[in-house]
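Turn these sequences into a full structure, and let the hints guide you.
Read top to bottom, the protein sequences are chains A and B. Reading the first sequence from the start, the letters are residues 1 to 110 in our numbering. Reading the second sequence from the start, the letters are residues 1 to 115 in our numbering.
Since the hints were made in silico from the structure, they are not lab data. Values in this document were obtained by computation on a predicted structure and should not be read as measured data. Glycine included, C-beta positions come from ideal geometry on N, C-alpha and C. There could be a bad hint or two in this list.
What the hints assert, rightly or not - What follows is a set of in silico ranges between Cβ atoms, one per label pair, in the way DEER data are often shown:
| id | chain 1 | residue 1 | chain 2 | residue 2 | range |
| --- | --- | --- | --- | --- | --- |
| 1 | A | A29 | B | L39 | 26 to 36 Å |
| 2 | A | D39 | B | R22 | 21 to 31 Å |
| 3 | A | V20 | B | E14 | 28 to 38 Å |
| 4 | A | E15 | B | V74 | 40 to 50 Å |
Claimed, not checked - Stretch by stretch, here's where chain A covers chain B in the computed footprint (C-beta under 8 Å, at least three residues):
| id | segment |
| --- | --- |
| 5 | 40-46 |
| 6 | 54-65 |
| 7 | 102-110 |
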Amino acid sequence: KQEVTQIPAALSVPEGENLVLNCSFTDSAIYNLQWFRQDPGKGLTSLLLIQSSQREQTSGRLNASLDKSSGRSTLYIAASQPGDSATYLCAVEGNTPLVFGKGTRLSVIA
Amino acid sequence: GAGVSQTPSNKVTEKGKYVELRCDPISGHTALYWYRQSLGQGPEFLIYFQGTGAADDSGLPNDRFFAVRPEGSVSTLKIQRTERGDSAVYLCASSLTGTGTGEQFFGPGTRLTVL
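Given below as C-alpha cells:
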C-alpha cells in the first residue's frame, strides 16, 4: 500500500527566505506526483504536476523535483512571501488515483 | 472557465439521516474523483468515475456510501444512516482524461457535520 510522508509537518520562516519542503513515498510505481496548496477552510489548488518520466517542473518561484527510484520529491520556494503561508500537500498517483501526505503547514513571517 | 463546484458548502445533519453531496466538474472533463479529508489529515480517495461508470470504488469505507454520475458530468455522493465518524470535508476533483494521464482540479469541498 502506497504511503506518503511529508517533512517537516510545520515550518515558520522570515519573509524572503528560500525554503524546501520534502515528500517521500514508499512505492515507486507511480504515474505522476502533484503538489497542492490548501488555504484554511478551502479546497486544494494545484501547483505543479510532474509526470513519472520527468525530473522537475517549474512555475514562477516554485520548483518541484522528482526522484522516482528513491521515492522522493522536493518543492523549492524561492524568496518566500507572507502570501505563501498555507498548507502544502504532496500526492502521488499510481494504482490509487491520488495518495496524499498529511501536508506541511508553512508560515512566512513579514 | 468555471472550476469544479460543490454544493452545499456546509451540511449539518443528525446521526442516522441520509445526505447527498453534489459535484459539478469542469466542463469536458471525463474523469471525476471523490475524496474525504479529516482534520489535520491529507485527503483520502473514495471513488473514481470515468464517464458514467465507477472505475474504482475501492476507497468507499462501507456500503452506506454510494456515488452516481448518470450522465457523465454531475456526480452525487450519497451517505445513508450517517454516523458521527462521517464528519469531514468531502472534496471532488476532475481531470480531462483519466487516471495516470493528467492533473486533477479540486472543488472547494462540502463540510459535513454529523451531530
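Review point. Which earlier hints can't be squared with this structure?
Key: 3
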